[in-house]
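K.L.:
Listed below are the residues making up each chain.
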Amino acid sequence: MEPTVNIRTARWGSYIVAFLITALIFATALYASNYFNSRRAAEIKATQDNISVDILSTETQFELLAEHSCADIEENSVLSSEIQPLASRLSYLELQPNVDPSELIRLKRYYSLLEIKDYLLMQQVASKCHLKPVFILYFYSNKGDCPDCENQGYALTGLAQKYPGLRIYSFDYNLDLSALQTLIDINNVKSDLPALVIKNKVYYGLHTIGDVETILPELAKMATTTAATSTRNR
Amino acid sequence: MVFGSGVVFALLFLSLYFEVFLLVSFLERRFSTPKMRADARPESLPDVAIIVPCFNEERALGASIESLLALEYPRGKLSVIVVDDGSTDSTLSIARRYESDSRVRVFTKENGGKHTAMNLGLEHTDAELVGCLDADSVVAPDALMQIAPLFTDARIAAVTPGIHVKTPKTMLQHMQHVEYRLSLFNRFILAVLGSVFITPGPFSIFRANVIRELGGWRYAHSTEDMEMALRLQEAGYMIANAPNAIVHTATPPNLKDLFRQRVRWTYGWLRNAVDYKHMFGNWRYGNLGLIVLPFAIISIFTGIYFFARIVFYLFVAAYQKYMELHYAGFHFRPSAPDLFYFNTSAIWMLVWVSVALILVLISIGSLIGTGSRRPPASTPLFVIFYSLLVPLWLGAAVFRAFFKTGVRWR
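Keeping their order, the protein sequence lines are chains W and H. Following the working numbering, the numbering of the first sequence begins with 1 at its first residue and continues without gaps. Following the working numbering, the numbering of the second sequence begins with 1001 at its first residue and continues without gaps.
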């Protein structure tokens, strides 16, 4: 290229043009990031709607049980297989900046409600059909007052992977949802988190996979069961 | 967390702004295409003396001198002054071999640093132009003809060449090959902005009477090339760039040598920045004072900050992974990649834009230096690995500059 030189006067015009272009790039990036996060929230909402329909369908099936055999309604069918990825997706969304907090809380409340519905329905199905599903209710906090919650989440994720038939329902202890607060009251769970409710008994503090296996010796028989699980655990 | 994100956004904005500013300036220059005045008639060409300061350069010196003697320039108007700066190897005897050529003169002195060698060469010439060629560099035959005619413009006190890596062999040299393409762009665009602040050792040419008027070369924290350019700018002279004047320079083949060289450069830059702090933010120096010098400093701290942040997050992620494996055990379940988890945070998008702009600048550097927009094949290596290496010597140089520890050439 040709040689070049110039006097060194300030180029105010170029400074302004560069500033406007940079500002435009920033605005586009922020807008695009918000747009993709909104798309994620909408995707989660759609999945939750699907799960809601699944549960409604199962409830209806359950009401029809008098006319059908328990073989028609297996415990596997209650929870949609989408609920596990949904839990992970919600956790991921929670970590993203620029996510509308009120939308996030709405999604979490919806998710918790679906879990409670599923939990109650499973108890009824189990009772009527003489099934013996194993439940764990897990209460955690995201407010920074529960240093062991993250590790408890890892342990429960590992447990769910080891025992696919195990049903783990996880709840944000501080979530403003009356149904959840009722569940907390019924089980008499204090704010000393993390807390696990297993067979109506509350266990506080970090429990490893080995600890839970000791509490639930029947897990050994469940290794081959293939029910879907729910693990919102962080 | 919020403060950290704020700092990241602010630094990203500044980095992007500077990249965009350079690009806008380049496009403006591209569309205006001003021609520099240049008188290339043989009778008008000025006398030129090229000083080759050398200290223990027995391996590279011969090739450097031979390339100078092969320059396509009127024989009677070119002289080569080799100054042996107290070498302890066979540098002097190698230089003496070339004294049979009437254009070559050899001087030897006690070791005193590059500036003393340059000043000795300056004392022994009455040429109108005086140049420097580091003994680890070789020039293309037409390099001087690309530069000398530009001094027709009396306001020009110095002209810098287009510097390329000499036969890259190691992976590190290939990465520097890309870096030098970026430097080709930087040197060119800084000349467009009237803001060149380095007159590199490999074949920068100066107007001799201006150098004398300014007091010759002086000790400048092992980066005399930088100090001289700042002094020229301070005195109001213009520094041009002739990218077609091609010089090939040897680059460090291994990390240890590269690290030492770059710590020296960055250390020298920081110390010189302190010495010339009155130019920073000073509108009297135009683009140089308002944009170029401040951003050159900011870029050092931006590099260190981003690197420290990346290292911190890598440690946190590694710790979390360890805890996850510890508590959950290892359960491998192959799954298809989920677009849901594709990182679309604004910060990442801006980082990608910044990387894309750097690729554009490398491409322009290639266009300026070689006439082809195609970047070197090792560009991906440069983008991925070099950005992780740079903060290491930036950090070391800042530490040394803060404590004024000094640096060694070798």
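There could be a bad hint or two in this list.
Stated by the list, open to error - Have a look at the derived ranges for each label pair, beta carbon to beta carbon:
#1 H:M1171 with W:I198: 52 to 58 Å
#2 W:S127 with H:V1316: 19 to 25 Å
#3 W:K190 with H:Y1313: 33 to 39 Å
#4 H:L1339 with W:G205: 53 to 59 Å
#5 H:L1314 with W:S127: 58 to 64 Å
#6 W:S38 with H:V1316: 26 to 32 Å
#7 W:Y204 with H:D1338: 30 to 36 Å
#8 W:T60 with H:L1339: 49 to 55 Å
#9 W:Q123 with H:L1314: 42 to 48 Å
#10 W:Q123 with H:F1009: 47 to 53 Å
Unchecked claim - DSS-like, lysine-lysine: derived pairs with alpha carbons at most 25 Å apart:
#11 W:K162 with W:K143
#12 W:K190 with W:K162
#13 W:K143 with H:K1404
#14 H:K1321 with W:K162
#15 W:K128 with W:K117
#16 W:K143 with W:K221
To be clear, the hints were calculated from the coordinates, so they are not data collected in a lab. For each residue, glycine too, the CB sits at the ideal point set by N, CA and C.
K.L.:
Please go over all the hints and tell whether each is borne out by the structure.
P.N.:
Hint check:
no.	hint	in the structure
1	H:M1171 with W:I198: 52 to 58 Å	56 Å, holds
2	W:S127 with H:V1316: 19 to 25 Å	46 Å, violated
3	W:K190 with H:Y1313: 33 to 39 Å	35 Å, holds
4	H:L1339 with W:G205: 53 to 59 Å	38 Å, violated
5	H:L1314 with W:S127: 58 to 64 Å	50 Å, violated
6	W:S38 with H:V1316: 26 to 32 Å	28 Å, holds
7	W:Y204 with H:D1338: 30 to 36 Å	35 Å, holds
8	W:T60 with H:L1339: 49 to 55 Å	34 Å, violated
9	W:Q123 with H:L1314: 42 to 48 Å	45 Å, holds
10	W:Q123 with H:F1009: 47 to 53 Å	50 Å, holds
11	W:K162 with W:K143	29 Å, violated
12	W:K190 with W:K162	29 Å, violated
13	W:K143 with H:K1404	46 Å, violated
14	H:K1321 with W:K162	18 Å, holds
15	W:K128 with W:K117	17 Å, holds
16	W:K143 with W:K221	37 Å, violated
Checked against the numbered hints above, the structure breaks hints 2, 4, 5, 8, 11, 12, 13, 16 and satisfies the rest.
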